[in-house]
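Q: Each chain, letter by letter, is given below.
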Amino acid sequence: MTTEAATATRPAIDLARVRAWLPKYGVYVAIGVLVLYNVLFTPNFLTWSNLRIQLIQVAPIVIVALGMALVIGTEGIDLSVGSVMALAAALIPLYLGYGVVAAILVSLVAGVVVGLVNGTLVARVGLQPIVATLALFVGGRGLALVISDGQLKDVRNDDLIYLGSGDFLGIPMLVWIAALLVLVVAFVVRRTVFGRRLLAIGGNRPATELAGVPVKRVLITVYVLCSVLASIAGLLAVARIQSSDASAVGLLIELSAITAVVVGGTPLTGGKVRVLGTVAGALLMQLVVATMIKHNLQPSTTEMVQAVIILIAVYVARERKSR
Amino acid sequence: MSTGIVSDPEVPAAVVAADERRAERTDRMVGLVQRQGALAVLIVVVLVATASFPNFRSFDNAGTILIAAAPPALIALGMTFVIITGGIDLSVGSLYVLGGVVSAYASQWGLIPAFLVPLAVCGVIGVLNGLLIAYTRMAPFIVTLAALLGARGLMRALSDEGSTTYLVRSDTFRSFGTGSFLGIGYPVWLVAAVFVLGMVLLSRTRFGHAVYAVGGSEDAASLMGIAVRRTKVWVYVMSGLLAGLAGAINAAKLGSGVTVLGTGMELDAIAAVVIGGTLLTGGAGTIAGTIAGVLLLGVIQNMINQVGNVPSSYQQVISGAFLAVVVVAQTYLVRLRRVT
Amino acid sequence: MALLEVVDVSKVFPGVRALDDVSFTLQPGEVHALVGENGAGKSTLIKVLTGVYQPDGGQLRYRDEPARFDSPMDAQRAGISTIYQEVNLIPLMSVAHNLFLGREPRTAYGLLDEKRMFREAHEILLRYGVTTDVRRQLGTLALGAQQMVALARAVMIDAKVVIMDEPTSSLEPREVETLFGVIRDLHSQGIGIIYVSHRLDELYQICDAVTILRDGKVVHTGKLADLERLRLVSLMLGRDMSAVRHEGFTGFGGDHGGAEDAAPVLKVTDLNSRRKLHDISFAVRPGEVVGLGGLLGAGRSETIKAIGGAYPVDGGEIAVDGKALNRPTTVQAVKAGIAVQPEDRKAEGIVAGLSVRENIALAILPRMSKLGLVSDRKIDEVVRTYMTRLRIKASSPDQRVGDLSGGNQQKVLLARLLATQPKVLLLDEPTRGIDVGAKAEVQGLIDELAAEGLGVVLVSSDAEELVEGSDRVVVLRDGAVVGELRGDAVTTEALLETIAAAAVEAKEVGNDD
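These protein sequences, in sequence, are chains A, B and C. The opening residue of the first sequence carries number 1 in full-length UniProt numbering; numbering runs sequentially from there. The opening residue of the second sequence carries number 1 in full-length UniProt numbering; numbering runs sequentially from there. The opening residue of the third sequence carries number 1 in full-length UniProt numbering; numbering runs sequentially from there.
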C-alpha cells in the first residue's frame with residue numbers, strides 16, 4: 001500500500017520539481033533541441049562561417065545582458081542601456097582624432113557618468129529603477145543625436161576596425177572580448193565581496209542594510225558597471241559596422257538584454273544572477289531568429305515569436321518568490 | 001543613572017492644533033504644485049516663445065501645434081490611466097503604427113471601418129496585455145515590451161515587411177484628417193471630445209476612483225471591495241484603443257499608413273504624463289495635467305522648429321531632462337506631504 | 001442568540017497546532033476582549049473569522065447559521081469588518097473618497113455626487129472626532145485620525161461584527177477617548193466587537209467579556225469584571241505566579257553580575273527622534289543584560305534601530321566603549337561593534353533566498369576577503385564554528401535559509417551578528433515565533449554571551465522572558481523612559497505596575513515642562 005501512495009503522489013511532486021527545474025535548465029534544453037533540429041534540417045548550419053556570423057551578432061547582446069543581469073540581480077532594471085550605446089557610438093568619431101585609446105576612454109567615461117546618474121537616482125533619491133532609468137532612456141539617445149548632429153559618420157581607423165572585424169587565433173575579436181567579459185562578470189558575481197553583497201541586496205535590501213553593508217555604494221556601482229558594459233557594446237558596434245549612427249545603434253537592445261537575462265533563468269525579483277544562463281539566453285534568442293531566417297520566415301514572424309518566448313520565460317519564472 | 005523625571009510626550013492641545021493647521025497648509029501647497037506645476041511651466045514657456053518668436057503668436061501656428069499634438073495626446077490619455085494604476089504601457093508606440101497601417105488598409109471600405117478596424121485590432125492587443133498583467137501578475141513593463149515587439153511584427157507582416165505603404169482610399173476619411181471646423185482641424189475636435197470623456201470617466205465615476213485606488217494600494221483596494229483585476233484589464237484596453245485611434249487619425253492626416261514612425265512614441269507619452277504631475281508609482285494624477293504636459297512638449301518642439309538650425313533631437317534631451325527633474329521633485333514633494 | 005460562534009475550531013500549520021479546539025462566542029452588543037501572548041493564536045483566530053484562513057476542523061456559526069467565508073471580502077459582505085493595526089486604506093486618496101470608495105453616492109446620470117459625498121463624509125467623521133478637511137489626502141493625516149476613518153468605514157458598511165486588532169497602538173490619549181465613545185455607541189446599537197489589545201487598562205475600561213488564548217487553546221472565557229488583573233496576567237503567561245517568581249521557567253540562568261563599576265560599553269544619552277523618541281538615556285555595562293520594557297508602541301524597537309543607525313535620529317549621543325558616534329549609519333554602527341537583531345526576521349533579518357553560509361558571512365565579507373576577493377575557506381571556518389556553537393540544524397551550509405525552521409533562521413541571524421564580534425548586542429524579540437526548544441537555547445545563548453562580557457539589550461513582549469533574562473529593566477512609555485527596575489525589583493509584577501503607574505503618572509506630570 002505504500003507503493004500505491006507513492007504512485008498517487010508522484011505526479012504532484014514531479015510537477016513541483018519541473019517548476020523549479022524549468023527556469024534553471026530549460027534554456028539549455030531549448031538550445032539543444034534547436035541545435036539538433038538545425039543540424040538535421042538546416043543546410044549549411046554547421047559551417048564555420050555560419051557559426052561565426054551568429055557569434056558576432058550575439059556578442060553585443062551578451063555584453064549588455066551581462067550588465068542587465070547584475071542590475072536585475074539587485075531587483076532593479078536598466079532601460080537606458082540602448083541610449084548609452086548610442087552615446088558611446090556618437091562620441092567615438094568625435095575623439096578619434098586624439099587616438100583610439102582616447103576615443104574609447106571617452107565613451108567609457110560617458111557610460112560611467114550615465115551609470116552614476118542612474119545609480120544615484122535609485123540608491124540615494126530612492127526612485128524605482130524603472131522610473132530612474134527612464135529619463136536617460138528618453139534623453140540619452142536625444143543627447144547622442146545632438147552630439148552627432150544626427151549624422152551617420154564613417155569611422156575609418158584600423159585599430160578600431162580590428163576590434164570590430166579582426167580575428168585573433170581564427171576567432172573574431174568581438175567574440176574574444178565578449179567571452180572575456182563573461183568570465184570577468186562570472187568571477188565578480190561568484191568570488192568577490194561586491195558580488196555577494198549584490199545578491200544579498202536583491203534578496204532582502206533592509207536586512208542587508210542592517211548587516212552593515214554599504215548598500216547605496218554597491219547599488220551605484222552596479223548601475224555604473226551596467227552602463228560601462230553598454231558603452232563597450234556601443235563602441236564595438238561602431239567598430240563592427242565602421243560607422244557611427246546614433247539613431248540606430250542599440251535600438252531596442254534593452255528588450256533583447258532583458259529577454260536574454262530572463263530566458264536564462266535569472267528571476268526579475270532579484271537575489272540571483274545566472275551569468276552562464278544569461279549567455280545561453282542570448283544564444284537561444286539568436287538561434288531562434290537564425291533558424292527562422294534560414295527557413296525563410298520573415299523578420300515580422302520572428303519578432304512575434306520572440307514576443308511569445310519572452311512571455312513564456314517570464315511566466316515560468318514568475319512564482320519563484322511570492323510576495 | 002536612573003531617570004526619575006518623566007519627560008512628557010504629550011503636547012498641549014493648542015500646539016497640536018497649530019501643527020495640524022500647518023500640516024493642512026503644507027498639504028494644500030504641495031498638492032497645488034503637483035497638480036498645476038506643468039501648467040505654470042507651460043504658461044511661462046508660451047510667454048517666452050511669444051516674446052522671442054514673431055511667428056509663434058499666430059493663429060495658424062497654434063493650429064499647427066494642436067494638430068501635431070493630437071495623436072500623442074490620445075496616447076498620453078490612455079497612458080495616464082495606466083500609470084495611475086501603477087502600471088506602464090510600452091506597447092503604445094507600436095500599436096500607434098499598427099493602427100495607422102490597419103486604418104489606411106481598411107479605408108478602402110469607407111470611413112467607419114477606417115476607424116473601427118484599428119480600434120478592434122489594437123483593442124484586442126490591449127485585452128491581452130491587461131489579462132496577462134492582471135491575472136498572471138507578470139510585471140507590466142515586460143508584458144508590454146513583448147507586446148511592443150509582437151505588434152511591430154504584426155504591422156510588418158501586414159505591410160510586407162514594411163515595404164508596402166497603404167494609401168488612404170476613402171476621401172471622407174482623408175478629408176477628416178485634413179479638414180477643419182472654425183479654423184481648427186477635425187482631429188483636434190475629436191481628441192478634445194475624447195479628453196472630455198476621459199476626464200469625466202476618471203474624476204466623476206466609480207471606475208475612475210477604482211483606478212486611483214488600485215494604484216494607491218492594491219491590497220487595500222481589494223480589501224475595500226474594488227475589482228482590482230477587472231480595473232487593470234480595462235485600463236490596458238483603453239490604452240490600446242486610444243493608441244489605435246491615434247494611429248487612425250495620423251493615417252487620415254498623412255493620407256497613408258506610414259510604417260517607420262512611432263519609435264519612442266511611448267516615451268513621449270510617458271514623459272508628458274509624468275511632467276503633467278501623474279505619479280509614476282501610481283495612485284495620483286490628473287488628465288488636465290497630462291494636457292499641460294502634452295502641450296508643453298508640443299510647444300517646445302514647435303520652438304525648436306522655429307529656431308531652424310537646431311536639431312530636433314533636442315526635443316528628446318529636453319523631455320528627458322524634464323522627466324528627471326519632475327520625477328525627483330515629485331519624490332521629494334510626496335515625502336514632504338507624508339512627513340507633515 | 002449568539003451573533004458569532006466558533007465551535008471547536010482547529011487550524012494546523014506544518015509543525016504547529018495554531019488553534020486547538022478553540023470555542024468562542026460573541027453576543028450582540030458585547031465588547032469581547034481577546035488576549036494572549038504573541039503566538040498564542042489570536043491572529044490565527046482572527047484570520048479564520050475574516051476568511052483569510054479556512055479552519056481545518058470545527059465550524060463557524062454566524063447569526064445562528066453555519067457560515068463559511070472564502071475571503072476577507074466575503075466576510076465583509078456578510079457584516080464582519082476588521083480594523084487592522086496597519087491602516088488598510090489608500091493614503092494618496094482623499095479622506096472622503098476612502099470613506100466611500102466603491103459605494104460613492106451618484107447623481108441621476110450615474111456620475112459621482114462629490115458635493116454630497118464631501119458633506120456626508122464630514123458629518124460622519126465629526127462623530128468620530130475627525131474635524132479635518134475631508135478633501136485632504138488620507139496619508140497626510142495623523143495615524144490616529146486614519147484609524148478613525150477606517151473605523152467609520154467599517155461601521156458604515158452595515159457591520160454586525162467589528163474586529164479591532166490593537167486599535168489604540170497608534171492613538172493619542174484624546175483619540176483613545178473618542179474611540180471608546182464610538183465603541184460604546186456601537187455597543188448600544190447591538191454590534192458585537194472583538195477587541196484585541198495588550199493594554200490592560202483599556203480592556204477593563206471597555207470590555208464586557210474576555211477570552212484568553214495560550215498555545216492555541218482557550219484557557220479562560222467569561223465576564224471580565226469577574227477576573228482579577230493579576231489572575232488575567234497569570235492566565236496569559238500560563239504559570240502560577242508565585243512559582244514563576246521562585247523557579248523561573250525560561251532558559252535563563254540568573255544574574256550575570258555585570259560589574260557595577262565597570263565603564264559602560266554602550267551609553268545612550270538624550271536620544272531624540274521626531275515624535276517617537278524623547279530624551280532616552282541608559283547605559284549597558286559589559287556582561288550586563290538590560291531589558292527594555294513597555295507595551296507595544298512604547299518606542300522599544302525604535303530605540304534599538306536608532307542605536308543601530310536604521311532609524312532617523314534628531315539628537316542625542318550614542319557611545320560605544322566611550323567612543324561617541326554622531327548619528328551613525330548602519331555601516332558605522334556595525335563597525336563600532338553594534339549588532340542589531342530586528343524584530344521582523346523575515347523582512348529585515350534573513351535573506352531567505354541565500355544559503356546559510358552566505359547569510360552568516362554577509363556582515364563580515366571584508367574580513368573574509370583579500371583585495372575584494374572572497375576566501376571561501378575562511379568563510380567555511382567561521383560558518384562551521386557558529387553552526388556548531390549555535391547548534392544550527394541545516395542539511396548543509398548550502399541550504400536555503402528560507403527552508404529552515406523559524407528557530408534555526410533566528411540562530412543563523414544571531415550567528416551573523418556574532419560573527420561581527422560585536423561589543424553590544426541589541427535583540428528585539430529574539431524568541432518570537434520559534435518553538436519551545438529553540439527558545440530555551442536562544443535564551444541560554446544570551447546568558448552565555450553576557451557571561452563572555454558582551455553588553456546585551458533585550459526587548460521582549462514576554463514579560464517573563466524580559467524579567468528573567470535581564471539584570472535591569474528600563475521601562476519605556478510613548479517613547480520616553482518612565483522608570484527602571486534593578487536588583488530584586490526586577491519582577492513581573494513590578495514591571496506591570498511600573499507600566500500601569502506610568503500611564504497614570506504621565507497624565508499628572510503633563511504640564512511639568
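Accuracy of the hints is not assured; some may be wrong.
[Said to hold, decoys possible] List of simulated lysine-lysine pairs, DSS-like, C-alpha gap at most 27 angstroms:
1. C:Lys439 x C:Lys393
2. C:Lys160 x C:Lys223
3. C:Lys335 x A:Lys216
4. A:Lys24 x C:Lys346
5. C:Lys160 x A:Lys216
6. A:Lys216 x C:Lys346
7. A:Lys216 x C:Lys393
8. C:Lys115 x C:Lys47
9. C:Lys346 x C:Lys393
10. A:Lys216 x C:Lys423
11. C:Lys47 x C:Lys223
[Said to hold, decoys possible] Partial chain A-side listing against chain B, Cβ under 7 angstroms, derived:
12. Val125
13. Ala135
14. Gln298
15. Glu303
Hints are computed from structural coordinates only; laboratory data are not their basis. These figures come from a predicted structure and were not determined experimentally. The C-beta atom is built at its ideal place from N, Cα and C for all residues, glycine as well.
Q: Now, for every hint given, state plainly whether the structure supports it.
A: Each hint, compared with the structure:
1. A threshold of 27 angstroms between alpha carbons decides the hint, and for Lys439 of chain C with Lys393 of chain C the separation of about 14 angstroms falls inside it, so the pair holds.
2. Proposed proximity of Lys160 of chain C and Lys223 of chain C is supported: the alpha carbons are some 21 angstroms apart, at most 27 angstroms.
3. Proximity of Lys335 of chain C to Lys216 of chain A is assessed by CA-CA distance (about 17 angstroms); at most 27 angstroms being required, the pair is judged to hold.
4. For the suggested pair Lys24 of chain A and Lys346 of chain C, the alpha carbons sit about 25 angstroms apart, so the restraint of at most 27 angstroms is met.
5. Distance check on the hinted pair: Lys160 of chain C and Lys216 of chain A sit about 50 angstroms apart at the alpha-carbon level, beyond 27 angstroms; violated.
6. Distance check on the hinted pair: Lys216 of chain A and Lys346 of chain C sit about 21 angstroms apart at the alpha-carbon level, within 27 angstroms; holds.
7. As the CA atoms of Lys216 of chain A and Lys393 of chain C are separated by approximately 33 angstroms, the hinted pair breaks the 27 angstroms bound.
8. The straight-line distance between the Cα atoms of Lys115 of chain C and Lys47 of chain C is roughly 37 angstroms, outside the 27 angstroms bound, and the hint therefore fails.
9. A hinted pair counts as satisfied when its Cα atoms are at most 27 angstroms apart, and Lys346 of chain C with Lys393 of chain C qualifies at roughly 18 angstroms.
10. Proximity of Lys216 of chain A to Lys423 of chain C is assessed by CA-CA distance (about 26 angstroms); at most 27 angstroms being required, the pair is judged to hold.
11. Distance hint between Lys47 of chain C and Lys223 of chain C is fulfilled; the C-alpha atoms sit about 24 angstroms from each other, no more than 27 angstroms.
12. At its closest, the beta carbon of Val125 of chain A sits 6 angstroms from a beta carbon of chain B; the interface hint therefore holds under the 7 angstroms criterion.
13. At its closest, the beta carbon of Ala135 of chain A sits 4 angstroms from a beta carbon of chain B; the interface hint therefore holds under the 7 angstroms criterion.
14. Against a cut-off of 7 angstroms between C-beta atoms, the interface hint on Gln298 of chain A holds, since the closest Cβ of chain B lies about 6 angstroms away.
15. At about 3 angstroms, the closest approach between the beta carbon of Glu303 of chain A and any beta carbon in chain B falls short of 7 angstroms, and the interface hint on this residue holds.
Going down the numbered hints, you'll see the structure goes against 5, 7 and 8, while the others check out.
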